[in-house]
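Colleague: Guided by the hints, dock chain D onto chain V, whose structure is given.
Protein chains: 2
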Amino acid sequence: MTTGPVVASRSKTRGVVLNLIRAARTVSRVELAADSGLTSPTITQVVRELMDHGLVVEVGRGTSTGGKPPTLLQLNPQARYSVGLLFERNACVVVIVDLAGQLVARTSFHGTELLPPEQALPLVAARVNALLSSVGVERGKVLGVGLVSYGPQDRQAGVLLTHQPTAEWLGYPIARRLSELLELPVLLDNDAAAAAMGEYWLGAVDQHSTFGCIYMASGIGGAVVSGGEVFRGSSSNSVEIGHICVDLDGEECDCGNRGCLEHYAGPPAVIRQAFEADGLGWRLGLDPLGIDCLGDFGRIAAAAEAGDATARGLIERSASYLGAAAVTMATLFDLDLIVLAGHSFAAAGSIYRPLIEREVQRRTFARRAHPVRVVQSVSGSDAAAIGGAVLVLQSELAILDLPQPD
Amino acid sequence: MTTGPVVASRSKTRGVVLNLIRAARTVSRVELAADSGLTSPTITQVVRELMDHGLVVEVGRGTSTGGKPPTLLQLNPQARYSVGLLFERNACVVVIVDLAGQLVARTSFHGTELLPPEQALPLVAARVNALLSSVGVERGKVLGVGLVSYGPQDRQAGVLLTHQPTAEWLGYPIARRLSELLELPVLLDNDAAAAAMGEYWLGAVDQHSTFGCIYMASGIGGAVVSGGEVFRGSSSNSVEIGHICVDLDGEECDCGNRGCLEHYAGPPAVIRQAFEADGLGWRLGLDPLGIDCLGDFGRIAAAAEAGDATARGLIERSASYLGAAAVTMATLFDLDLIVLAGHSFAAAGSIYRPLIEREVQRRTFARRAHPVRVVQSVSGSDAAAIGGAVLVLQSELAILDLPQPD
Chain V
1 MTTGPVVASR
11 SKTRGVVLNL
21 IRAARTVSRV
31 ELAADSGLTS
41 PTITQVVREL
51 MDHGLVVEVG
61 RGTSTGGKPP
71 TLLQLNPQAR
81 YSVGLLFERN
91 ACVVVIVDLA
101 GQLVARTSFH
111 GTELLPPEQA
121 LPLVAARVNA
131 LLSSVGVERG
141 KVLGVGLVSY
151 GPQDRQAGVL
161 LTHQPTAEWL
171 GYPIARRLSE
181 LLELPVLLDN
191 DAAAAAMGEY
201 WLGAVDQHST
211 FGCIYMASGI
221 GGAVVSGGEV
231 FRGSSSNSVE
241 IGHICVDLDG
251 EECDCGNRGC
261 LEHYAGPPAV
271 IRQAFEADGL
281 GWRLGLDPLG
291 IDCLGDFGRI
301 AAAAEAGDAT
311 ARGLIERSAS
321 YLGAAAVTMA
331 TLFDLDLIVL
341 AGHSFAAAGS
351 IYRPLIEREV
361 QRRTFARRAH
371 PVRVVQSVSG
381 SDAAAIGGAV
391 LVLQSELAIL
401 DLPQPD
Chain D
407 MTTGPVVASR
417 SKTRGVVLNL
427 IRAARTVSRV
437 ELAADSGLTS
447 PTITQVVREL
457 MDHGLVVEVG
467 RGTSTGGKPP
477 TLLQLNPQAR
487 YSVGLLFERN
497 ACVVVIVDLA
507 GQLVARTSFH
517 GTELLPPEQA
527 LPLVAARVNA
537 LLSSVGVERG
547 KVLGVGLVSY
557 GPQDRQAGVL
567 LTHQPTAEWL
577 GYPIARRLSE
587 LLELPVLLDN
597 DAAAAAMGEY
607 WLGAVDQHST
617 FGCIYMASGI
627 GGAVVSGGEV
637 FRGSSSNSVE
647 IGHICVDLDG
657 EECDCGNRGC
667 LEHYAGPPAV
677 IRQAFEADGL
687 GWRLGLDPLG
697 IDCLGDFGRI
707 AAAAEAGDAT
717 ARGLIERSAS
727 YLGAAAVTMA
737 TLFDLDLIVL
747 AGHSFAAAGS
757 IYRPLIEREV
767 QRRTFARRAH
777 PVRVVQSVSG
787 SDAAAIGGAV
797 LVLQSELAIL
807 DLPQPD
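Each protein sequence line maps, in turn, to chains V and D.
The first sequence begins at 1 in my numbering and counts up one residue at a time.
The second sequence begins at 407 in my numbering and counts up one residue at a time.
Note that these hints are calculated values from the structure, not bench results.
What you are looking at is a predicted structure, and each value in this text was computed from that prediction instead of being measured.
Ideal placement from N, C-alpha and C gives every residue a C-beta, glycine not left out.
Wrong hints could be hidden among the right ones.
Distance windows between CB atoms, simulated [what the hints assert, rightly or not]:
| no. | chain 1 | residue 1 | chain 2 | residue 2 | range |
| --- | --- | --- | --- | --- | --- |
| 1 | D | 658 | V | 129 | 55 to 65 Å |
| 2 | D | 429 | V | 204 | 34 to 44 Å |
| 3 | D | 448 | V | 204 | 37 to 47 Å |
Excised from the complex, chain V in its bound form (with noise of 0.2 Å):
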């Protein structure tokens, strides 16, 4: 039972060569050397181990540069699953995805994030194997769990490190629980990582990029991927933006810090701000206490973009942090892109995406080198979920000894 990644330095050649066969969509053997820089012995042997796996499939012939026209090569995408699991405050989401990272089922649900773990995690099992079931996916062919949540976390030993959702959960063995009750492989990772590595395979994203990802459900957070590895620092705690200061006389925050971004532009603010603006909060119906705190977000951002001023201006105001925040992220870690990502830029992106890029377009560092561009997530509000069944892929695909299928 895997609760962490193993990469062996020839298993993630063989991860490379997959990527590269992946966002290709067809290639040959011979491109395939040139665009990883391996031998061709190398590309051979490798290739022949994920045919006999059935990863990949020979796919007719190329055209000739001269002599035989070369065979194209394809990933098989029902050949392998994985499952992508979001678990946060305020509701679970879960995806199944092919090989090639694309979505075959999704289910989201309330309430389980409120109990003890003992109790919730056997409820959230019941909803995978529901939804593997009604998918008929092979049992044999899922390759594994990705577990995404909040941090901190010690993503080695697959625990939190927080008292959220309750304080239960803090050094909880989540990963290996969920491991045994699934009897799958569980990996825990970063919500915000997760939903920039899935942007990575499935986005435009310039393998040698290196770009940002703010992570906006109801808290804040972000991750930076470079080269197309996620930047993990000393201890996969890295790039909490919706902990970084943005008023030195701000207020003391449960993480330590004072005046973080989130208390300023993240949802919970937002709404609390409508209550005090106007009388939006009433207008709009919200509850005052956030329990449902995504889908008043989302009834603002809908106000806002139907016209409603008092709407707009709060959104713009949460706009004008970020953009700020933005701007530290990308001036400290020199990036060229950052994606938004997660259910509250779902709901809010054309507001939002416009703001920050002029932010950081004006005010960055760097950007007399290079532009910096900001982009929604091609995922939508399901990027962590995704992104979490991705990094299943990624880090399971570097294995060698991959089980054959039932």
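Modeller: Only chain D this time, still in chain V's reference frame:
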């Protein structure tokens, strides 16, 4: 004439082995294999190459662990040298270091930096040549020059992308021209990145650490090193911490951002405040035009350490802004260590270090996952120049076809 680093995979192996020998002081081939994860035949081959070039010597036998006692290897520090050259608006510093990174000679001078490059660089080259002659280092043993300066830069092209020190330097081929004048390879890099790599080589930094460096001379820069590699970002213009916003209502900066850290915490800001606060500037005889910025900052630091409450208050105010920015950097990069380097931290580090450390230990997001220490650079005020020389050692030694010394 090389103006950028050239690293192939096999040559990188040689750099890794050489660095392990350097770090261990004396080490056997068996230990090298264990420490590097490389095979015994590879170690034997690489060590033979390093010995053929005179870079490594055998120095007797270690303790037997059953069989024949192993032969011990050591770096031959006098086998090669490199030059570090810090080019700043207020000063030039030239250092010569040996293969172990130890300082052999040093000089510094003023004035050339305000001349146009065609006039300044021949004078700089003459200083470098004079220093090499004064210590009798053979030309053929000099690997190259690490030219370090502020950003933004185009590191690969070897040009500065800034109007500093004067407009003529923007886009001028500074690395290529200096290389022609000196007939030595010249690498351009960022001052803070150089200081950080110097610390990695010469300081007590764990090789798996993700650590940051805040570099303060007249400006404030930064760098992050993870697993022994400088985090480069999209264009090697990363971690410009002096230009992150600490005050959303702050003034516009030349860099394009507003409320930049440098204008609240940097030496010119502290000197300006000294003229506002209690007449301290006049009392200490500082220059109100700020020409001798480093000298005047040193005078304020000395007064603070001698018990002048006004001077101490100004340094502490600067430290509180730097502390907040250090928390942002530690939270975004998930750092376990921050090194304070450069002339101004060398002058006032005894006040800055504990205040910055207190902030990062209280406020950094991942502090529950691991501690964050703050230390002063082992290289003092010459950290960037020494680091520039270390970058040359690291980069040039990785190139396989080393010229034989004369």
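Colleague: For every hint, state whether the structure bears it out.
Modeller: Structure-based check of all given hints:
1. 658(D) / 129(V): 55 to 65 Å: holds, 57 Å
2. 429(D) / 204(V): 34 to 44 Å: holds, 42 Å
3. 448(D) / 204(V): 37 to 47 Å: At roughly 40 Å between Cβ atoms, residue 204(V) and residue 448(D) fall inside 37 to 47 Å, so the hint holds.
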